[in-house]
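Colleague: Single-letter residue listing:
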Amino acid sequence: QKEVEQNSGPLSVPEGAIASLNCTYSDRVSQSFFWYRQYSGKSPELIMSIYSNGDKEDGRFTAQLNKASQYVSLLIRDSQPSDSATYLCAVSENTGNQFYFGTGTSLTVIP
Amino acid sequence: GAVVSQHPSWVICKSGTSVKIECRSLDFQATTMFWYRQFPKQSLMLMATSNEGSKATYEQGVEKDKFLINHASLTLSTLTVTSAHPEDSSFYICSGTPNTGELFFGEGSRLTVL
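So the sequence lines, in the order shown, correspond to chains A and B. The opening residue of the first sequence carries number 1 in the numbering used here; numbering runs sequentially from there. The opening residue of the second sequence carries number 1001 in the numbering used here; numbering runs sequentially from there.
With the rest of the complex left out, here is chain B:
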């Protein structure tokens, strides 16, 4: 299968600071990438669809000014959590789809906001 890499795997930050998470497709070009959030023992929640070279499409209820998504190249999408607060603590997972139509996930990034 295709490989999607996320960095960092773990991040701890103070309340009010911003955190950037990188998502790279290592062996395919991803015109579209998806960002999910998952709270403990809950299901995946799609946050936004990231489109290369254009603005991301956010799901209802997701603040686009708080969760900044940039997809500047076909292999890199970034999610920046701005002015993070403890309620933003979660598991953030990106994913991409090569031409096979299958969706492959990165390893996930666990954010803890103190």
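Isolated chain A (complex conformation):
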């Protein structure tokens, strides 16, 4: 059984701070890694994809991947109240036929 684990939180950070979200996965053949944001009552929205070890930056978001340690993280710089949501980590074997999701981390950014 492939597992993707995240701390459920809640994680609270003050506005303007860096929010750090972590995810570990059990399957070494996983090749593609994703972060989704899900607002309450809405469906998940893809915010970052990462495929290679290292950092990938997109605006205020930075995804970090370490395949040797089997973890992927998401940093949100200059956190805003609008970033308050549940963040889902997902992994795939690159076939596009199966995706495995973590249970999500709830983030609250306090004004």
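Calculated directly from the structure, the hints in this document are not laboratory data. A few of these clues could be false.
[Stated by the list, open to error] Quick partial rundown of chain A residues pointing at chain B, CB under 7 angstroms, derived from the structure:
| id | residue |
| --- | --- |
| 1 | S43 |
| 2 | N97 |
| 3 | F101 |
| 4 | G104 |
| 5 | T108 |
[What the hints assert, rightly or not] Each computed EDC-like pair below joins lysine to aspartate or glutamate, with the alpha-carbon atoms no more than 20 angstroms apart:
| id | chain 1 | residue 1 | chain 2 | residue 2 |
| --- | --- | --- | --- | --- |
| 6 | A | K67 | B | E1102 |
| 7 | B | K1014 | B | D1065 |
| 8 | A | K42 | B | E1107 |
| 9 | B | K1064 | B | E1022 |
[Said to hold, decoys possible] If you want the footprint, here are the derived chain B segments under chain A, 3+ residues with CB under 8 angstroms:
| id | stretch |
| --- | --- |
| 10 | 1031-1045 |
| 11 | 1102-1108 |
Here a beta-carbon is modelled for each residue, glycine too, at the ideal position from N, C-alpha and C.
Use these hints to put chain B onto chain A, whose structure you have.
Modeller: Same frame as chain A, now just chain B:
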């Protein structure tokens, strides 16, 4: 990103009736689509993998005769909840993946069974 559209967004039905939810990939062809269910404050649960032109693959514990999935074209998959009961009330979300390998979700359909 790719666009997946679901309809209806909200549906309320009486117990014992059937409800159909449509999922369309608007700007890509989806050989495979995934159907998820999410109860309040819980994580996504994969219900089934829908394959164009063939039978869907259901996850363990999901009744295939109750949740009918049809994927007749590369842009349309449907989920029919048959003989719905209050315990079927949930948020149903479809998703598809274009050639990029990324998974994109529809807006979701909130079902309430009275």
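Colleague: Under the criterion that the straight-line Cα-Cα distance not exceed 20 angstroms, is the pair K1064(B), E1022(B) satisfied?
Modeller: holds, 17 angstroms
Colleague: Have a go at the N97(A) hint: is there a Cβ in chain B nearer than 7 angstroms to its own Cβ?
Modeller: With Cβ-Cβ at 6 angstroms, under 7 angstroms, it holds.
Colleague: Counting residues of the stretch 1102-1108 of chain B with a beta carbon closer than 8 angstroms to any beta carbon of chain A, are there 3 or more?
Modeller: holds (count 7)
Colleague: Does the interface hint hold: is S43(A) within less than 7 angstroms of chain B, judged Cβ to Cβ?
Modeller: holds, 4 angstroms
Colleague: Within the stretch 1031-1045 of chain B, is the number of residues with a Cβ closer than 8 angstroms to a Cβ of chain A three or more?
Modeller: The restraint on the stretch 1031-1045 of chain B holds, since 4 of its residues have a Cβ under 8 angstroms from chain A and three suffice.
Colleague: Taking the closest Cβ pair, is G104(A) under 7 angstroms from chain B?
Modeller: holds, 6 angstroms
Colleague: If you draw a straight line from the CA of K42(A) to the CA of E1107(B), is it 20 angstroms or shorter?
Modeller: Holds. K42(A) to E1107(B) sits at ~7 angstroms (cutoff 20 angstroms).
Colleague: Given the hint that K67(A) pairs with E1102(B), test it: the Cα-Cα distance must not exceed 20 angstroms.
Modeller: holds, 19 angstroms
Colleague: Restraint: F101(A) near chain B, CB-CB cut 7 angstroms. Satisfied or not?
Modeller: It holds, given that the least Cβ distance between F101(A) and chain B is near 5 angstroms, below 7 angstroms.
Colleague: When you check the alpha-carbon spacing of K1014(B) and D1065(B), does it fall within 20 angstroms?
Modeller: holds, 19 angstroms
Colleague: Would the hint on T108(A) stand, with a C-beta cut-off of 7 angstroms toward chain B?
Modeller: With Cβ-Cβ at 14 angstroms, over 7 angstroms, it is violated.
Hint violations for this structure: number 5 only, all remaining hints satisfied.
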